[in-house]
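Asks: Residue numbers (our numbering), protein chains in the order written: chain A, 1 to 158; chain B, 159 to 934.
I should point out that these hints are in silico values taken from the structure, not numbers from a laboratory.
Possibly wrong hints are sitting among the right ones.
Straight-line distance between alpha carbons at most 27 Å, and here's what the computed BS3-like set of lysine-lysine pairs gives [unchecked claim]:
#, chain 1, residue 1, chain 2, residue 2
1, A, Lys-146, B, Lys-575
2, B, Lys-560, A, Lys-150
3, B, Lys-172, A, Lys-154
4, B, Lys-807, A, Lys-126
5, B, Lys-914, B, Lys-478
6, B, Lys-231, B, Lys-462
7, A, Lys-126, B, Lys-915
8, B, Lys-462, B, Lys-560
9, A, Lys-146, B, Lys-807
10, B, Lys-507, B, Lys-478
11, B, Lys-914, B, Lys-933
12, A, Lys-78, B, Lys-466
13, A, Lys-2, B, Lys-275
14, B, Lys-286, B, Lys-445
15, B, Lys-915, B, Lys-928
16, B, Lys-807, B, Lys-915
17, B, Lys-615, B, Lys-566
18, B, Lys-618, A, Lys-126
19, B, Lys-933, A, Lys-78
20, A, Lys-125, B, Lys-914
21, B, Lys-615, A, Lys-10
22, A, Lys-125, B, Lys-275
23, A, Lys-120, B, Lys-860
24, A, Lys-150, B, Lys-172
25, B, Lys-575, B, Lys-635
26, B, Lys-618, A, Lys-125
27, B, Lys-466, B, Lys-580
28, A, Lys-125, B, Lys-928
29, B, Lys-566, A, Lys-120
Label pairs and their computed distance ranges (CB to CB) [claimed, not checked]:
#, chain 1, residue 1, chain 2, residue 2, range
30, A, Asp-4, B, Tyr-432, 51 to 59 Å
31, B, Pro-234, A, Asp-4, 48 to 56 Å
32, B, Glu-557, A, Lys-154, 29 to 37 Å
Since the model is a prediction, treat every value here as computed from it, not as a measurement.
Glycine included, C-beta positions come from ideal geometry on N, C-alpha and C.
Residues per chain are reported as follows:
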Amino acid sequence: MKIDFIVNGKKVELDTNPTRRLLDVLREDLGLLGIKEGCGEGECGACAVLLDDKLVHSCLVPLANARGKEILTIEGLKNTEAYRIIQDAFLDAGSVQCGFCTPGFVMSTYALLKNNPDPKEEDIKKAISGNLCRCTGYQMIIDAIKLAAKRGEKLWKA
Amino acid sequence: MGNREFKVVGKSVKKIDALSLAIGEAKYTADINLPNMLHIAFLYSPYPHAEIVEIDTKEAEKTPGVVLVLTYKDVPNTLHTTAGQGYPEPSPYDTRILDKRVRYVGDRVAIIAAETKEIAEEAKKKIKVKYRELPYNIDPEKAKESERIPPEGAYHLLPTIYEPEKNIAAGITLSVGDVEKGFSESDKVFEDRFEIHYANHAALEPHAALAFYDERGRLNIVSTTQVPFHARRITSRVLGIPVKDIRVIKPRIGGGFGGKQEVFLEQVVGLVTYKTKRPSKVVLSRKEVFISTRTRHPMITWYKAGVKKDTKEIHALRLKALMNAGAYGPHALTVMANAGSKVLPLFNKIKHLQFEGFSVYTNLPVGGAYRGYGATQGYFGFNVMLDMIAEELGIDVLEFFKKGHIKKGETSPIFEKLGEGKEGVSQIIRSCALSECIEKGSKAIKWHEKRRKKIRKGDKVRGVGAAILMQGSGIPKIDMGAAYMKMNEDGSFNLHIGATDLGTGSDTILAQIAAEEIGTSIDKIIVYSSDTDFTPFDVGAYASSTTYISGGAVLKCARKIKEEILKVAANMLNVPQDALFIEDGTVYTKDRTQRVTFSDIALYSLYSKDQHQIQSVASNIGLESPPPFMAQFAEVEVDIKTGRIDVVKFVSAVDCGQPINPALVEGQVEGATVNGIGYALWEEYVFDKKGRMLNPSFWDYKVPSIMDIPEMEVIICKTYEPTGPHGAKSVAEIGINGPVPAISNAVYDAIGVRLKKSPFTPERVLNAIKEQGLKL
């Protein structure tokens, strides 16, 4: 079955099984390997992408649900100013250890700051409550998001 | 030396791989796809103990897209251990790639390779297996009398207690003094039983491996391994392929924590690729990680302590440990031994000591290495017992800790008596700031304001508790790491190390150690690690060894190349070598009248005169294993109606020698602490009566999320370890050992109820309240 959608600003048309997980299509068919599979059950957030500006776990989304929609992955985000700010904050706060969960956390951070430029600690916690990290203990990730909020103040409020 | 000024060491430089990890460009094993690659699935046993009477793979093989189906009849039947340890491994050879007998729910029955993962998964449902169920046992205390679990012929390479017919996977007894006499001389004897449970490492990246033949016909294996060199050796032996024909590469890896110190996928992809001559890959699902990989060994410990009232000291101590190895015995000896060797030396003034440990087989998931490695299990009862004794003696437990713990310049007979499954190595403690850790940590948790106060709001009561700990830094006289460096014409250096960065940042700190020693900046060090073809040997990342052992190798290597640089510079400047010094990548004469840059030196050595490659290589073994020390403090709030425990604040004060990279030290301690808190409160394997795990998913096995973590504080109490690279000791494991006892002690402080069986779920807390009664 033919399914078309937009990935990172580019139109894509695929002839494939619409029940496949969006995660598999992005990784296998489109080679977007920044998206990781940590659990395949929507608990860890390593596969987070934006679907029409909404943060979703791509392992839980059947491809059919993406039809006609716009998908943003870490690969699409990475050339933007917003990404640079988030990335630098993550690096400066030392919040990257093994890095497997990091792209997912970056997507969640972006989704948060885009809608809430001045998040309180509780907002930050809520925003990343769908992402698991086994290495850091989270403190450094919260620090990173606070830093990104502050450094990108103008951008997030624009 | 202790006050040495550092330029690169001691700075929180950014991880050298952080950028590529954040962008998602760094490659993990599962990200590698090769043309014509096969995908592998496993069929697992639904029974805890059974014999395969018949196995029919015809239908599965007929499925379009299926290329290979392997059962026990088709694979090499070499007995081996999957424990990725040095040779000879101190673990029994009791495992086959596939066996006619299955020994736990989750044991492998068949291997299916197909064009896609979906086809392989579908095809495995078509394999028809007829099992004959066998008597099974999931209770470690009944193991010795139960049906034999390990295969006939299972054996141990080391001269140790190994009695497979009685399901004894390992045993150790040792004595210092006369413990019975010690008890009889004591005024009060304490005795208690503690039980600590199964857990999963839950690294975010599931285990994966990939194999392919290169253009020279050599088998290349890419794997999520902590131990590439052990993986090569074990795969070679199991498959009968010479070491020279195998290359193992570890790309980026998404956390290990001991779970990837195990070799059980490399031989499978190796075998499939060997048989099909096609690349093959296996990526486990989260469920498979839970049921079929490795776990924290559960352990029952019995502590008995005799105390003298006049000295207020422990006079005699006995630790009996019964470890549940699960269905196979990787690390069965050494994890159990560590419950003694990493715990007992901490209170080194006890005159009479006895340790008796056994590991037994049961029909349950297989234990393995897990951050803390036996110390986690041993320290639970130890710290709770110390808390009980201090209370009985009427002294603050922190004073009891401070008086009893081992100090700089002291030793313990245990160091020599108990090592990695054999005798240990005697050592004197050369750095220890544990008393300072206790002091500073207690201030941060506000110990004296909160202890014994039982502050209550409605049904919620608060308390504080503490635990003290030590670990080691590598396995002395066993672990070896090596490093190679060469200089490039722009004054940069390639640093090749066998050491394995699991996300810990070891590539970064090893580069810091090299840059500091040579006198250059970290951006001039190009690190390449963990490739059996292109890096020198290293035992791998385990036993808190990388900073100390591999870091020691890098330091020696850097010293050698520095000498070589100075030698060439001396020739260039026509001055004696000792008239020179290095600063920021430039060699100066001591009067600063002449100088040559590293780039000048490298260009000269490569192109001008006496042309040669400026390079060096060095190996390092640890002659000692200096322990890092830690004091951990928990403040909890216990709901006496529901039994729920909330950790309000958690403080970890650590002495890891000179921190090479303080941010990474904090990251290690925080990560280990959160893992330990999750283990203490929620993370648990729930089994049915046949030993089937009922909660193999992140929905039901609760790894802490951001919503679960308390306010945390990490305090670094710096020392200088004279045997460590730039004064460093290890730090990776120790932080996971304290949360279980510290939380148990804090709950006692709050409500007067002792928790002796983990995890401390609301149900267990309520049961304990019911049994012991609240003391508010």
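Asks: All hints are to be evaluated individually against the structure, with a verdict given for each.
Replies: Each hint, compared with the structure:
no.	hint	in the structure
1	A/Lys-146 with B/Lys-575	violated (51 Å)
2	B/Lys-560 with A/Lys-150	violated (44 Å)
3	B/Lys-172 with A/Lys-154	holds (26 Å)
4	B/Lys-807 with A/Lys-126	holds (20 Å)
5	B/Lys-914 with B/Lys-478	holds (15 Å)
6	B/Lys-231 with B/Lys-462	violated (50 Å)
7	A/Lys-126 with B/Lys-915	violated (32 Å)
8	B/Lys-462 with B/Lys-560	holds (21 Å)
9	A/Lys-146 with B/Lys-807	holds (21 Å)
10	B/Lys-507 with B/Lys-478	holds (19 Å)
11	B/Lys-914 with B/Lys-933	holds (17 Å)
12	A/Lys-78 with B/Lys-466	violated (66 Å)
13	A/Lys-2 with B/Lys-275	holds (22 Å)
14	B/Lys-286 with B/Lys-445	holds (22 Å)
15	B/Lys-915 with B/Lys-928	holds (15 Å)
16	B/Lys-807 with B/Lys-915	holds (22 Å)
17	B/Lys-615 with B/Lys-566	violated (44 Å)
18	B/Lys-618 with A/Lys-126	holds (25 Å)
19	B/Lys-933 with A/Lys-78	violated (57 Å)
20	A/Lys-125 with B/Lys-914	violated (32 Å)
21	B/Lys-615 with A/Lys-10	violated (57 Å)
22	A/Lys-125 with B/Lys-275	violated (36 Å)
23	A/Lys-120 with B/Lys-860	holds (26 Å)
24	A/Lys-150 with B/Lys-172	holds (20 Å)
25	B/Lys-575 with B/Lys-635	holds (14 Å)
26	B/Lys-618 with A/Lys-125	holds (24 Å)
27	B/Lys-466 with B/Lys-580	violated (32 Å)
28	A/Lys-125 with B/Lys-928	violated (36 Å)
29	B/Lys-566 with A/Lys-120	violated (46 Å)
30	A/Asp-4 with B/Tyr-432: 51 to 59 Å	violated (43 Å)
31	B/Pro-234 with A/Asp-4: 48 to 56 Å	holds (50 Å)
32	B/Glu-557 with A/Lys-154: 29 to 37 Å	violated (55 Å)
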